[in-house]
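S.K.: Whole structure, please, built from the sequences with the hints as guidance.
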Amino acid sequence: MLSNIGVPGLILIILFALIVFGPKRLPELGRSMGKTLKEFKSATKGLTGDEETVEVSATTAAATVKPTEDMGENIIHTESKVSNE
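Numbering-wise, numbering that gives the first Met the number 0 puts 11 at position 12 of the sequence shown, and it's gapless, one number per residue.
Simulated from the structure, these hints should not be mistaken for laboratory data. Just so it is clear, CB atoms sit at the ideal spot from N, CA and C, and this is done for glycine as well. Treat the hints with caution; some may be incorrect.
Distance windows between CB atoms, simulated [stated by the list, open to error]:
no., residue 1, residue 2, range
1, 5, 46, 32 to 38 angstroms
2, 47, 18, 37 to 43 angstroms
3, 10, 46, 36 to 42 angstroms
4, 32, 11, 36 to 42 angstroms
5, 11, 44, 31 to 37 angstroms
M.R.: What follows is the structure, given as structure tokens:
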């Protein structure tokens, strides 16, 4: 999509932005766009990190259950905890 613009088109876009926003406002807009992109990247990294954390905590919780415990009692206790919440 942007490959058809070329150098003259890019210069035209920059001149248009300069006319519309002015020379004082362009650096502010650039900074705000940079901060927005940085926050977006950190938020998307946080989303992917959360999924990994949930998987790890579920694996850890499953590994901590003692095999000698009666599984029927665990199910009953789990159901009562869920119904209380």
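S.K.: Does each hint hold? Answer for all of them.
M.R.: Quick rundown of the hints versus the structure:
1. 5 - 46: 32 to 38 angstroms: Holds: the Cβ-Cβ distance is about 37 angstroms, inside 32 to 38 angstroms.
2. 47 - 18: 37 to 43 angstroms: Given a distance of about 41 angstroms, which is inside 37 to 43 angstroms, the answer is holds.
3. 10 - 46: 36 to 42 angstroms: 38 angstroms, holds
4. 32 - 11: 36 to 42 angstroms: Once the Cβ atoms are compared, 20 angstroms apart, the range 36 to 42 angstroms for residue 11 and residue 32 is violated.
5. 11 - 44: 31 to 37 angstroms: 36 angstroms, holds
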